[in-house]
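Undergrad: Residues per chain, in single letters:
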Amino acid sequence: MGQHSPMSTRILTVEDDQRIRTAVRLALEEEGWDVEETASGEEALEAFSRKPADVVLIDIMLPGIDGFEVCRSIRRLGDVPIVMVTARSDSHDVVAGLEAGADDYLRKPFDPKELSARIRALLRRIRPDEGRPVRIQIDGLEILPDAGVVCYAGEDVHLTRTEFRLLVELATHPDRVLSREDLLERVWGYDYFGDGRLVDVHVRRLRMKIEPDAANPRFVVTVRGMGYKLQT
Amino acid sequence: MADVPKTDDISRLGLGAQISVLFAIGGLLVSVLLGGTTLVLTRRQLLETRGIAAAAMAVSNATRLSNQLTPESSIEDLPTIVDSLTRIGGSQRIIRVGDDWLVAPEMDRADLPPPLVARLGQRKPGQMLAMVRGEPRFVVGIPLTAFDADYYAISDLSEVERTLDDLSYVLLGTGAIAVTLAALLGSWAASRMLRPLRRVREAAEAIAGGRLDTRLGAQADPDLDRLSDSFNEMARALESRIQRDARFASDVSHELRSPLTTLMAGVGVLESRREELSPRSIIALNLLVADLERFNRLVNDLLEISGFDAGVAALDLTEVGIARFLEVTAANAGAVALRMPDDAHRVVVQADKRRLARIMSNLLDNAGRYGGGATAITLEIDDTLRISVEDDGAGIPVGERSAVFERFFRGSAGGRRTDDGGTGLGLSLVVEDLRLHDGRVWVEDRPDGRRGARFVLQLPLPEGGA
Numbered sequence: 001m002g003q004h005s006p007m008s009t010r011i012l013t014v015e016d017d018q019r020i021r022t023a024v025r026l027a028l029e030e031e032g033w034d035v036e037e038t039a040s041g042e043e044a045l046e047a048f049s050r051k052p053a054d055v056v057l058i059d060i061m062l063p064g065i066d067g068f069e070v071c072r073s074i075r076r077l078g079d080v081p082i083v084m085v086t087a088r089s090d091s092h093d094v095v096a097g098l099e100a101g102a103d104d105y106l107r108k109p110f111d112p113k114e115l116s117a118r119i120r121a122l123l124r125r126i127r128p129d130e131g132r133p134v135r136i137q138i139d140g141l142e143i144l145p146d147a148g149v150v151c152y153a154g155e156d157v158h159l160t161r162t163e164f165r166l167l168v169e170l171a172t173h174p175d176r177v178l179s180r181e182d183l184l185e186r187v188w189g190y191d192y193f194g195d196g197r198l199v200d201v202h203v204r205r206l207r208m209k210i211e212p213d214a215a216n217p218r219f220v221v222t223v224r225g226m227g228y229k230l231q232t
Numbered sequence: 233m234a235d236v237p238k239t240d241d242i243s244r245l246g247l248g249a250q251i252s253v254l255f256a257i258g259g260l261l262v263s264v265l266l267g268g269t270t271l272v273l274t275r276r277q278l279l280e281t282r283g284i285a286a287a288a289m290a291v292s293n294a295t296r297l298s299n300q301l302t303p304e305s306s307i308e309d310l311p312t313i314v315d316s317l318t319r320i321g322g323s324q325r326i327i328r329v330g331d332d333w334l335v336a337p338e339m340d341r342a343d344l345p346p347p348l349v350a351r352l353g354q355r356k357p358g359q360m361l362a363m364v365r366g367e368p369r370f371v372v373g374i375p376l377t378a379f380d381a382d383y384y385a386i387s388d389l390s391e392v393e394r395t396l397d398d399l400s401y402v403l404l405g406t407g408a409i410a411v412t413l414a415a416l417l418g419s420w421a422a423s424r425m426l427r428p429l430r431r432v433r434e435a436a437e438a439i440a441g442g443r444l445d446t447r448l449g450a451q452a453d454p455d456l457d458r459l460s461d462s463f464n465e466m467a468r469a470l471e472s473r474i475q476r477d478a479r480f481a482s483d484v485s486h487e488l489r490s491p492l493t494t495l496m497a498g499v500g501v502l503e504s505r506r507e508e509l510s511p512r513s514i515i516a517l518n519l520l521v522a523d524l525e526r527f528n529r530l531v532n533d534l535l536e537i538s539g540f541d542a543g544v545a546a547l548d549l550t551e552v553g554i555a556r557f558l559e560v561t562a563a564n565a566g567a568v569a570l571r572m573p574d575d576a577h578r579v580v581v582q583a584d585k586r587r588l589a590r591i592m593s594n595l596l597d598n599a600g601r602y603g604g605g606a607t608a609i610t611l612e613i614d615d616t617l618r619i620s621v622e623d624d625g626a627g628i629p630v631g632e633r634s635a636v637f638e639r640f641f642r643g644s645a646g647g648r649r650t651d652d653g654g655t656g657l658g659l660s661l662v663v664e665d666l667r668l669h670d671g672r673v674w675v676e677d678r679p680d681g682r683r684g685a686r687f688v689l690q691l692p693l694p695e696g697g698a
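Residue numbers (my numbering), protein chains in the order written: chain H, 1 to 232; chain C, 233 to 698.
Extracted from the complex, chain H is given alone in its bound form (with noise of 0.2 Å):
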């Protein structure tokens, strides 16, 4: 997780309607990214293991294989940031996508500048905070914010950034309830009017890596009516 100036940072688009690709990648490289474009997600993947980019920009509605599995492979691969696309408004997209791994969604069509600024705001480091100790430690898990390391019972658990960003933001402040709002601005830079199903579904996605009993969290807990806290 190093400092990203724009000029080093690669992103890899995925998009079939040529009009739509060129313009994207114009407008990204008008706000200083390096773009890799590609036209399915066959080509994607093949262009992603050839060379990991460090955010991929997914368009859900593909040919061949669909953006949701695009997706996942790319989750397999490595836990670079993921940007969905997609042009449907029902929420059930939106939660597929997120789902399917990945961390923030724009729908179609999106102003460029924004699509920017949540790519950096993926990019983003860890917020640096005096208060917050080197080392967390709870009932077998600990998190070493600064190393970005998470152990669980002594082992390794990897996360993706955003959960990783997730975890540390509740753990900064353990046993006080972050709103739903809280995490989106200080996880993903959203104000308050943000999606409050993005801090869900990455909860969901943070409790199946780090629970022993994701069914019945013993330390992520939802606190109705408020949001999440970290119990310790």
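By construction, these hints were calculated from the structure, which means they are not laboratory data.
One or more hints might be untrue.
[Claimed, not checked] Which stretches of chain C does chain H cover? Using the computed rule of at least three CB atoms under 8 Å from a CB of chain H, they are:
#1 488 to 500
#2 538 to 550
#3 582 to 595
[Unchecked claim] So these bits of chain C aren't anywhere near chain H, every CB distance computed over 12 Å:
#4 Q300
#5 T318
#6 R468
#7 E664
Since we're looking at a predicted model, the values are computed, not measured.
C-beta atoms are modelled at their ideal positions from N, C-alpha and C, and glycine is treated no differently.
With chain H's structure known, arrange chain C on it following the hints.
TA: Relative to the frame of chain H, chain C by itself:
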């Protein structure tokens, strides 16, 4: 529109009333027929019996008279003989001996029907029903063949008439009861018959109210079953047509999203290279940016509204702390006062935050476009939750207060221009978004009596408040 033509007066009544009237008419006809026949037959029967009795009596009296008469008997001897004869109540007699007549107290020989007198002139007995002194009477005439004499008996039939009168009253009474019963039976039958029609009406109203999947159940009666099949067929056709239209709008909006994405990205590139453009190109770019933004909003609003029309709009419910929500909303809206009760922070509702935010932004946007900007947002909590947005613009005329929520409504009041940059769908989306939340919205005067509009949205409060 093909209306079924009205044929006659009775069809102006409701079907139920028509059936009742027809039943009553049927009851009346049957009563009249039965009553009339009964009266006629009874009358004939009574008169016949009476006639036979009177004739027999007359024959026996004539025989007795004949036996007591002698050739020397004069008219003066008759009264004593006559008094000994058998009489039926109300009957009177007239006797001719030679040229003399013994008349009854109230009768005269002139009252005798001439055909009968003529018949007796030929020495033949006769009997007939005749009007005597204004009343129907039965007259029997018997010639006393041994003498030059005739015996006439005149029976009063008023008793028969009285009996018949009584009978006709009874028949009238029962007839009236029968007609009433028939009408009641008719209305009962009508309501029974119309019950399936009522179900059809309720189903039609449900469809008109937007529940397009309403269907009628199977009917026991084959005719009604056909009706219900046709109705369901119509409802299916209507539903698929409406969905097709809504889907079309939705498809069009979707299709517009791809070129819009290209346009926004392309315009974004131009914007970041603004300094390289000539002044004229910058003016063109500004126009492009402004209308692209409006186009984008329009496509989004159309997509949303077609979602409502197709019935696919669904809530993504999350817990929303209403006080925090309004604080952020008011802060983003600029110079807007926020008034909330002290305990507002305890209220958490289950709502779709995205839709709730859109409701507020549409109301604030509307106030900004037509009301000179929102001045206050007020939260009131009692058994429901009410959020109002006030402005101090021209207000909304009473006559336009419901029309203002219609799609593409352009009011008559000043300040509403066609180039105001709005999509014309904002307030209709507010209505739909609130309906999805079981809430509603209306517009009223400002409670402080000052100029301006006050849009109030009302949401149900969860049980227990929080």
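Undergrad: None of the hints should be skipped; say for each whether it holds.
TA: Here's how the hints hold up against the structure:
Coverage of the stretch 488 to 500 of chain C by chain H holds. Counting CB-CB distances below 8 Å, 11 residues qualify, and the rule asks for three or more. For the stretch 538 to 550 of chain C, the proposed coverage by chain H is satisfied: 5 residues have a C-beta within less than 8 Å of a C-beta in that chain, meeting the threshold of three. Counting residues of the stretch 582 to 595 of chain C whose CB lies closer than 8 Å to any CB of chain H gives 3, which reaches the minimum of 3, so the coverage claim holds. At roughly 123 Å from the closest C-beta of chain H, the C-beta of Q300 (chain C) stays outside 12 Å, upholding its exclusion from the interface.
Chain H leaves T318 (chain C) outside its interface by the beta-carbon criterion, the shortest separation being 111 Å against a cut-off of 12 Å. Every Cβ of chain H is farther than 12 Å from the Cβ of R468 (chain C); the closest lies at roughly 25 Å, confirming the non-interface assignment. At roughly 14 Å from the closest C-beta of chain H, the C-beta of E664 (chain C) stays outside 12 Å, upholding its exclusion from the interface.
Of the numbered hints listed earlier, not one is contradicted by the structure.
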